[in-house]
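Undergrad: Sequence:
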Amino acid sequence: MPAETTTPPPVPEAAVPAEAVAPLIRGVRVLRELTEAGGTLSLSGLERATGLARSTVDRITSTLARMGYVRLDGRDAVTTPRLMELGNAYLAALRLPALLSPRADALADELDESVSLAVADRDGIRFIHQATRRRAMSLSFRIGDLLPAERTAPGPLFASEWTDENWRAWRERRAADPVNRGFSAVPPRELPFPDSEFEARAAQAGRDGWALDDQLIEPGLVAVSVPVRDPRTGRIACVANVVSHTSRHTAADLRDTLLPRLRATVAEMERELAAAPDPDPGPPPSGSAAWIGASKHELGREFIESLARGLTVLTAFGEGRAALTLTDVARATGLARATARRALITYEHLGLVRGQPESRTFGLTPRVLSLGFPPLSRTSLPRIAAPHLADLSARVGESTALAVLVSSGPTAEIQYTARAVSPRIMGVDIRVGTRLSAAATSLGRVLLSDPEDSAASADFAHVRTQGYALLDEAWEDGLRTLAVPLRDRTGRAVAAVNVALHAAGRTAEECVAEILPELRLTASRIEQELHAAGHFTRVPLL
Numbered sequence: 328m329p330a331e332t333t334t335p336p337p338v339p340e341a342a343v344p345a346e347a348v349a350p351l352i353r354g355v356r357v358l359r360e361l362t363e364a365g366g367t368l369s370l371s372g373l374e375r376a377t378g379l380a381r382s383t384v385d386r387i388t389s390t391l392a393r394m395g396y397v398r399l400d401g402r403d404a405v406t407t408p409r410l411m412e413l414g415n416a417y418l419a420a421l422r423l424p425a426l427l428s429p430r431a432d433a434l435a436d437e438l439d440e441s442v443s444l445a446v447a448d449r450d451g452i453r454f455i456h457q458a459t460r461r462r463a464m465s466l467s468f469r470i471g472d473l474l475p476a477e478r479t480a481p482g483p484l485f486a487s488e489w490t491d492e493n494w495r496a497w498r499e500r501r502a503a504d505p506v507n508r509g510f511s512a513v514p515p516r517e518l519p520f521p522d523s524e525f526e527a528r529a530a531q532a533g534r535d536g537w538a539l540d541d542q543l544i545e546p547g548l549v550a551v552s553v554p555v556r557d558p559r560t561g562r563i564a565c566v567a568n569v570v571s572h573t574s575r576h577t578a579a580d581l582r583d584t585l586l587p588r589l590r591a592t593v594a595e596m597e598r599e600l601a602a603a604p605d606p607d608p609g610p611p612p613s614g615s616a617a618w619i620g621a622s623k624h625e626l627g628r629e630f631i632e633s634l635a636r637g638l639t640v641l642t643a644f645g646e647g648r649a650a651l652t653l654t655d656v657a658r659a660t661g662l663a664r665a666t667a668r669r670a671l672i673t674y675e676h677l678g679l680v681r682g683q684p685e686s687r688t689f690g691l692t693p694r695v696l697s698l699g700f701p702p703l704s705r706t707s708l709p710r711i712a713a714p715h716l717a718d719l720s721a722r723v724g725e726s727t728a729l730a731v732l733v734s735s736g737p738t739a740e741i742q743y744t745a746r747a748v749s750p751r752i753m754g755v756d757i758r759v760g761t762r763l764s765a766a767a768t769s770l771g772r773v774l775l776s777d778p779e780d781s782a783a784s785a786d787f788a789h790v791r792t793q794g795y796a797l798l799d800e801a802w803e804d805g806l807r808t809l810a811v812p813l814r815d816r817t818g819r820a821v822a823a824v825n826v827a828l829h830a831a832g833r834t835a836e837e838c839v840a841e842i843l844p845e846l847r848l849t850a851s852r853i854e855q856e857l858h859a860a861g862h863f864t865r866v867p868l869l
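Okay, so the sequence shown: first residue is 328 according to the working numbering, each after it adds one.
Check before you lean on any hint, since a few could be wrong.
[Said to hold, decoys possible] Estimated spans, in silico, between C-beta atoms of each pair:
hint, residue 1, residue 2, range
1, Val733, Ala433, 23 to 29 Å
2, Glu437, Glu845, 55 to 61 Å
3, Ala349, Arg762, 41 to 47 Å
4, Glu845, Pro514, 42 to 48 Å
5, Glu845, Pro344, 46 to 52 Å
6, Ala342, Gly533, 33 to 39 Å
7, Thr792, Ala831, 25 to 31 Å
8, Leu653, Arg847, 36 to 42 Å
9, Asp607, Gly509, 38 to 44 Å
10, Asp491, Val405, 42 to 48 Å
[Said to hold, decoys possible] Below 20 Å or equal to it, Euclidean Cα-Cα: the simulated SDA-like pairs (lysine to any residue) are:
hint, residue 1, residue 2
11, Lys623, Thr383
12, Lys623, Leu399
13, Lys623, Ala788
14, Lys623, Gly378
15, Lys623, Glu437
16, Lys623, Ser389
17, Lys623, Ala663
18, Lys623, Ala392
19, Lys623, Gly609
20, Lys623, Asp385
21, Lys623, Glu360
22, Lys623, Gly395
23, Lys623, Ser382
24, Lys623, Pro350
Honestly, the hints are just simulated from the structure, not real lab data. Source: prediction; values computed, not measured. Think of the CB as a built atom: it goes at the ideal place given N, C-alpha and C, for glycine as much as any other residue.
Start from the sequences, fold in the hints, and give me the full structure.
TA: Set out below in C-alpha cells:
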C-alpha cells in the first residue's frame with residue numbers, strides 16, 4: 328500500500344507584538360498586494376487579496392493617496408513613483424548602488440551582457456541595481472525583485488555565510504513551498520531539486536569564491552556571480568552578477584571567458600568601498616508631523632494618522648543615516664518617541680527594520696523594496712506625466728502635452744511623448760510621436776533655452792530668465808501655446824510641458840495670469856515623481 332502523502336504545513340508567522348500598530352500592518356499589506364499585482368489593483372481586488380473589509384481598504388487607499396503614494400483612478404488604486412521614496416531611503420542608506428553602479432554599468436557595456444548587483448534578504452536575494460541590454464531576449468528582473476536563493480548564482484555565495492538558524496528557516500520555507508510559488512518574480516519550478524543539492528552548491532561557492540546559475544530560473548538563462556566583500560568586516564556586502572542566454576554563452580563559457588573580467592571588476596568595487604569616505608548625513612524629512620496633523624483635520628476619518636506616521640518613519644533613514652537610534656528617528660520625523668517606537672516595533676515584526684541591540688540603533692532591510700519598488704522601477708517619463716496632464720487639462724479646459732528634444736543644432740526638433748486632449752469642439756490635436764521644429768514651438772524654445780553653452784540658449788535667453796515660453800500665433804494662426812520646463816534631479820531641463828489653446832479663448836495676458844500657475848504646479852508634481860523614480864533607476868524620456 329503506497330505511503331500517504333500530505334501537504335507540508337505553512338511556516339508559522341511570528342506572533343504580532345502587543346505594541347505593534349495594527350493600521351500600519353494593514354497598510355503595508357495593501358502596498359505589498361499592489362506590488363504583487365504590478366502596481367495596479369481594483370479596490371475590490373485589494374479587499375479580496377488582503378482579506379480586509381472594504382471600508383478599511385477605502386480608508387487605507389485614501390490615506391496613501393493623500394501622501395502621494397497611490398493614485399485613485401476610478402475603481403483602481405495605482406501606485407505612483409512618489410512611493411519609491413521608501414525604497415530610495417533603503418538604497419541611499421545602503422550606499423552600494425551609488426558607489427558601485429558605475430563599475431557595473433561599465434562592465435555591462437564592455438561585455439555586452441546584463442550585469443546586476445544583489446543583496447541577501449533572509450533566504451532570498453534582491454536586486455539593487457540592473458544594467459540591462461536592449462535585445463529580444465534579455466534580463467527581465469527589476470530592482471527590488473525577490474528571488475529564492477537556491478535558484479540563482481548569488482544565492483549559494485550568500486548561503487556560504489549562513490548560520491544554522493538561517494539554514495533551518497530556509498528548509499522550513501522549502502518544505503512549505505517546494506516549487507517557489509511564493510516568489511512572483513520567477514516561474515514555479517516543476518521538479519524541485521533536493522535540499523542537499525543547494526547545500527553542496529553553497530559549500531562549493533564558499534570554497535571557489537564564485538558561483539554559476541545553469542538555467543535554474545528558467546531554460547536558457549545562465550549567470551555567473553562573484554561576491555563583493557565589505558572591507559571592514561570581510562563579509563559579503565553584495566554580489567555582482569553577469570547574466571546571459573545560452574544562445575550567446577553556456578554556463579561553462581561564462582566561467583571560462585567572463586569570470587576573469589567579472590573578478591577584476593569586483594576587485595575595483597572593493598577598492599571603491601575601501602576608499603569611500605563616510606557620508607555626510609543628508610537632510611531628514613521635515614514638517615511631516617505637522618502635515619499629517621493637518622491632513623487628519625481636513626479629511627477626518629478617511630485619513631489614518633497612524634499609517635501616515637508609520638510610513639514617515641521609513642523616510643527618516645537615508646545616506647549618512649543608515650543606523651538611527653529611537654531619538655534620531657523621533658527628531659528626524661517630528662514624531663513623539665512613543666509613536667516612533669511603536670512604528671519601529673511594527674517594522675521589526677514585518678521584517679522591514681532590523682534592530683542592533685548592542686548599539687541601540689535600527690536600520691532598514693532590503694524588504695523595504697517590496698513596497699512598490701519593482702513595478703515602478705520600470706516606469707517612463709510619459710507614464711509619469713500622463714495622469715498629471717489629464718488633471719491639468721481638466722482644470723484649465725485646454726489641451727496639454729509633454730515633449731522632449733530629440734535632435735540639436737540649427738534643425739533641432741522636439742517629439743511629443745504624452746498628451747491630454749481638451750473636451751472642446753475646437754481643440755489642439757497633435758499626436759504622440761509627432762516631431763516639430765524646436766525653435767518654432769513653445770515646448771522647443773523652453774528646451775533650447777536651457778543649455779548655457781549653446782548658441783540656441785542665447786537666442787532664447789529671455790525664456791530662461793522668465794521660466795516659460797509663450798508663443799502667440801507664430802506657428803499657426805489662432806494657436807497660442809504656453810510651456811514650462813521639467814527638470815531632473817541635477818536641474819537639467821529634460822522635457823517640457825505646455826498648454827495649447829485657440830487664441831480666441833484667452834488673451835496672452837490671461838494665459839500668463841490664469842494658466843501659467845496651473846502649468847507650473849503640474850510641472851512641479853511631475854518633477855517630484857521624476858526625481859523619486861530617477862534616484863536609483865533610469866527613467867526613459869520616450
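Undergrad: Quick one: which hint numbers does this structure break? Sort them smallest to largest.
TA: 2, 3, 13, 14, 15, 19, 21
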